[in-house]
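With chain F fixed as given, assemble chain P onto it according to the hints.
Heads up: the protein sequence lines correspond to chains F and P, in order.
Take any residue in the first sequence, note its place counting from 1, add 723, and you have its number in my numbering.
Take any residue in the second sequence, note its place counting from 1, add 15, and you have its number in my numbering.
Hint data in this document are derived by calculation from the structure and do not stem from the laboratory.
For every residue, glycine included, the Cβ atom is placed at its ideal position computed from N, Cα and C.
Take the hints with a grain of salt, since some may be wrong.
In silico DSS-like cross-links for lysine-lysine, where the CA-CA straight-line distance does not exceed 25 Å [unchecked claim]: (1) LYS88/P to LYS754/F; (2) LYS73/P to LYS754/F; (3) LYS139/P to LYS198/P; (4) LYS79/P to LYS743/F; (5) LYS56/P to LYS107/P; (6) LYS79/P to LYS46/P; (7) LYS158/P to LYS172/P; (8) LYS79/P to LYS765/F; (9) LYS765/F to LYS82/P; (10) LYS82/P to LYS754/F; (11) LYS765/F to LYS754/F; (12) LYS73/P to LYS743/F; (13) LYS46/P to LYS743/F.
Quick partial rundown of chain F residues pointing at chain P, CB under 8 Å, derived from the structure [as the list claims (entries may be wrong)]: (14) THR745; (15) ILE746; (16) LEU749; (17) TYR752; (18) LEU756; (19) VAL758; (20) LYS765.
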Amino acid sequence: MAKLYFKPSKKEENLVVPSKRTIDFLLNYSKSLQVLEFQNFKFETILN
Amino acid sequence: MKNNTLSDAVLVNNYISGNESALSILIERHKQRIYSFIYSKVFDRDASEDIFQDTFIKVIRTLKNGKYNEEGKFLPWVMRIAHNLVIDHFRKGNRMPKFEDNGEFSIFSVISDGNLNAEKKLIKSQVEDDLRNIIQELPEDQKEVLVMRMYKDMSFKEISDKTGVSINTALGRMRYALINLRKVIEKNNIVLTD
Chain F
724 MAKLYFKPSK
734 KEENLVVPSK
744 RTIDFLLNYS
754 KSLQVLEFQN
764 FKFETILN
Chain P
16 MKNNTLSDAV
26 LVNNYISGNE
36 SALSILIERH
46 KQRIYSFIYS
56 KVFDRDASED
66 IFQDTFIKVI
76 RTLKNGKYNE
86 EGKFLPWVMR
96 IAHNLVIDHF
106 RKGNRMPKFE
116 DNGEFSIFSV
126 ISDGNLNAEK
136 KLIKSQVEDD
146 LRNIIQELPE
156 DQKEVLVMRM
166 YKDMSFKEIS
176 DKTGVSINTA
186 LGRMRYALIN
196 LRKVIEKNNI
206 VLTD
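Isolated chain P, as found in the complex:
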């Protein structure tokens, strides 16, 4: 009972001195606040458990290594660690697909690769072929600008230098090329989606 009235600072010192039960009291005292904070950010029970665990692993290692200084208070320090780990969690989440244990597990939701399958590859190549054929129907000056811009990835400045027209003219030709492409596509009911 006496232990529960001790301040955090005393408990931290006791723990550093080797009193393991001090950690138990610290965790009991602050677990709800820290866990609620984590859960309020990630809204996921499993992730919150992991972050809570990682937070205290960091706390334990820092205290045992003698790296903790008493400048700040214990709880704000732990909350700051938890906050940083929550940020790490979201960063990691952007890079790694998340597997949710909701009972409806499909292995393909985790292992499917981002590459196109054979059917999509075929459709993509057909769409590209169709587009190339339509571009051939454009007037020569517009076709020239569009090819340089879209296929050779040249800037309008480079196109202007190469064709000997002003940048504005090159821009105008590109604009008309796109307008004419749309007209041809609409007129012939061509579908250019995969």
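With the rest of the complex left out, here is chain F:
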């Protein structure tokens, strides 16, 4: 009986981590972000 009550549900397990979509977005964002330096200035560009 205790197992029934204390085993976290699938929903709760998912609740403590961000979705795969969010992580994929971050990894893709990171890959596409380029920082260019030109005469002491830094420019951020997002490459598609």
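Using the frame of chain F, we list chain P on its own:
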């Protein structure tokens, strides 16, 4: 497998050097802790996802711009960013109405304006008229003080100067004016709510 044993500092350096997979390991390693922290504050799945995403966007930009210094440790630094973004979230929440995607969406809960509608305007003006009429029933000295205080927004010092009585007397007249107003309202069963 070897990558998973690398310290955060090494992974951060690798990432700054251009190794994109280092970021993936860092996120995998700390995602639960950071996300749980955010969720424990905002108790909202969508908001937590947004804040988690914004946190790492900030991390990525800082690292790629070469602005990260190794003074602090990676995880406390990221947690601090997340913490600041949680605070921003609550500040923003106070200014902007929140739309919750719970399936029962009413457009009026988002777009309704704070202005009074025609019915409420009418009721408000009737209440104000009634109140003005009741004030006319007060003794002259009390009416004078109440009008100066409530309608002309004068301080009791100014009322005292203007009427030539002491501040205490002005305060007393205001008190009796309010007591008498209540009596009239109760006696005549006047409803002054909108």
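So, going through the hints one by one against the coordinates:
1. LYS88/P to LYS754/F: This hinted pair holds, its Cα atoms lying about 24 Å apart.
2. LYS73/P to LYS754/F: Holds, at about 14 Å.
3. LYS139/P to LYS198/P: Between LYS139/P and LYS198/P the Cα gap is close to 21 Å, so the pair holds against 25 Å.
4. LYS79/P to LYS743/F: Holds, at about 23 Å.
5. LYS56/P to LYS107/P: holds (15 Å)
6. LYS79/P to LYS46/P: holds (20 Å)
7. LYS158/P to LYS172/P: holds (17 Å)
8. LYS79/P to LYS765/F: Holds, at roughly 10 Å.
9. LYS765/F to LYS82/P: Answer holds: LYS765/F to LYS82/P is near 11 Å, not above 25 Å.
10. LYS82/P to LYS754/F: Holds, because 18 Å separates the two Cα atoms, which is no more than 25 Å.
11. LYS765/F to LYS754/F: holds (17 Å)
12. LYS73/P to LYS743/F: Roughly 19 Å between the alpha carbons, so the hint for LYS73/P and LYS743/F holds.
13. LYS46/P to LYS743/F: Given that 25 Å is the threshold and the Cα spacing comes to 11 Å, the pair holds.
14. THR745: It holds, given that the least Cβ distance between THR745/F and chain P is near 5 Å, below 8 Å.
15. ILE746: holds (6 Å)
16. LEU749: Where the cut-off is 8 Å and the nearest Cβ of chain P is about 5 Å from LEU749/F, the hint holds.
17. TYR752: holds (7 Å)
18. LEU756: holds (6 Å)
19. VAL758: At about 5 Å, which falls below the 8 Å cut-off, the nearest Cβ of chain P leaves the hint on VAL758/F intact, so it holds.
20. LYS765: holds (6 Å)
Of the numbered hints given earlier, the model fails none.
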